[in-house]
Amino acid sequence: MGQYEAVIGLEVHVELKTKSKIFCGCPTEFGGEPNTHVCPICLGLPGVLPVLNKKVLEYAIKAGLAINCSIAEFSKFDRKNYFYPDLTKAFQTSQFDLPIAEHGHLDINVNGEIRRIGITRLHMEEDAGKLTHQGETISSSLSSLADYNRAGVPLVEIVSEPDLRSAEEAKAYLEMLKAIIEYIDVSDVKMEQGSLRCDANISIRPVGSKELGTRTEVKNLNSFRSVQRAIEYEIQRQIDQVEEGERIIQETRTWDENKGVTLSLRSKEEAHDYRYFPEPDLTPLVISRDWVEELKNGLPELPEAKKLRLIADHGLPEYDAGVITSSRTLADFYDKTVSLHADYKGISNWIMVELLKLLNAENMEISESKISPEGLAKMLKMIENNTISGKIAKQVFEEMFNTGKDPEAIVKEKGLVQISDEGQINAIVEQVIANNPKSVEDFKAGKEKSIGFLVGQIMKETKGQANPGVVNKLLKDKLNEL
Amino acid sequence: MKISIKDVEYVALLSRLELTDEEKVEQLRELNKILDSMEVLNKVDTSGVEPLAHVLPIHNVLREDELRATLPKEKVLQNAPEEDEGMFKVPKIV
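Residue numbers (my numbering), protein chains in the order written: chain F, 47 to 528; chain Y, 0 to 93.
Hints listed in this document are in silico derivations from the structure and should not be mistaken for laboratory results. All residues carry an ideal CB built from backbone N, CA and C; glycine is no exception. Careful, some of the hints might be misleading.
[Claimed, not checked] Straight-line distance between alpha carbons at most 20 Å, and here's what the computed SDA-like set of lysine to any residue pairs gives:
#1 F/Lys126 to Y/Ala68
#2 F/Lys437 to F/Ile504
#3 F/Lys63 to Y/Ala68
[To be verified] Here are the computed distance ranges between Cβ atoms for each label pair:
#4 Y/Leu12 to F/Pro86: 42 to 48 Å
#5 Y/Ile57 to F/Lys342: 25 to 31 Å
#6 Y/Ile57 to F/Leu354: 44 to 50 Å
Assemble the whole structure, with the sequences as input and the hints as a guide.
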């Protein structure tokens, strides 16, 4: 983009996985028949008294600590006033000037360069209800339908400093944040279910300039891919606008995934003035340092630390360690398998190649597959003691992935045991030599490579079950005899 | 005069109120009177006084993360001016 640089900050909303809502005892469960997970409190009926869920506070502090924030000693809730039917009260209970956590950072790695991204704040708030517009778009709809099941589901909003400089960095930051939240187990962080949501503030400025340009806020980013695409699009749109001598207007835009463009959401009467004031129905919070310390000590090993440990102690390549630690479920699977069979590289390779291939092909999470660490560990032992060949193991692995059966049972059932019997293999070696005089001739003439073809033929005859070591030895012996 | 008709119109917009010209003038007078009263409070020296977060000297009123009964659906929708498919039907938003 030549003489311009992009300045990007992300606002990330994370739904906390508590059983009950933030200020009342209604379930937070996703889905459910419309307006069945509600009560007078989350419906904002007159005269009700909200009370903060202790677990929400605990999870918010944990999340704050995990992203290197300092935790407030004194914090409170405020009302953010706006008229929009996704909340019944005409305000959202949120935090304004005294958020629970501030001044954090995350280190991200983009193309081998480590960049520290500042985190301005993390605050608690309630989620809003869900609106279904009865028309093509919100502005062409004559009416909308409101379901308040989601109203009052606890959220933390995590606001970054405008430290990101490209769509790629924004994606790396979001991936890192998602992994950390998943590790500390306070949210499902599923973008497709809306438990992780992201808005991007984007502006451009001439390279070298210290001033910030006018920014736009892009909403409706529902996947990592759309985050990256929308930011790339919006940066280019702003550059084109400026190049044509036009000004950037501060506005909210929505990402249209199908068309691949951002569209203005401005309405003529929109005036953003939230008139925050302290929420009188909730008491302030005084956070004891002992509790913060206790929660800090209870945090699990986080992705970056785990990655460095797998590189240093297990000798894994940086890329592999990065992939395995990018998701807690994958890292847990690795840890569990390693505890049963300490073949670090072997286990890493099976995860990196076969497991991820199958998961990607089925678009599945590891928890949805039937594969178990016990199964993988047992299968690796079977390869080591020559019960099965590495090639056959792929079949066994796929079967375990689909059915969850024990590897020994699969091998027995399908007759996949490795053939190491010299007599049996010798007969096939002789047969293959007899059927391929040309390759034999080539080998004799000094073309060492043609032995590979002969080995291949033998493996084919035995459906991959022959022990490769035995095959190589017997084949060489036979060829040298000729 | 603390504020102008323009400010009144802005506050009315934020509150989604439609005011006639007479009402605007009336509101201007009322609001300025309130702001004059605030001026009295502004004369108090509050340096060194922490802003008040709650009128009562209490903090950390919390509840355990436990489920409680939800409201029956008929009751939820009982006062809805219009409903459709178990949801509140609201007029055009933007």
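The hints, checked one at a time:
1. F/Lys126 to Y/Ala68: 28 Å, violated
2. F/Lys437 to F/Ile504: 14 Å, holds
3. F/Lys63 to Y/Ala68: 19 Å, holds
4. Y/Leu12 to F/Pro86: 42 to 48 Å: 30 Å, violated
5. Y/Ile57 to F/Lys342: 25 to 31 Å: Check passed, 27 Å falls within 25 to 31 Å.
6. Y/Ile57 to F/Leu354: 44 to 50 Å: Given about 45 Å between the Cβ atoms, the range holds.
Figure legend: structure checked against the earlier numbered hints; hints not met, in rising order: 1 and 4.
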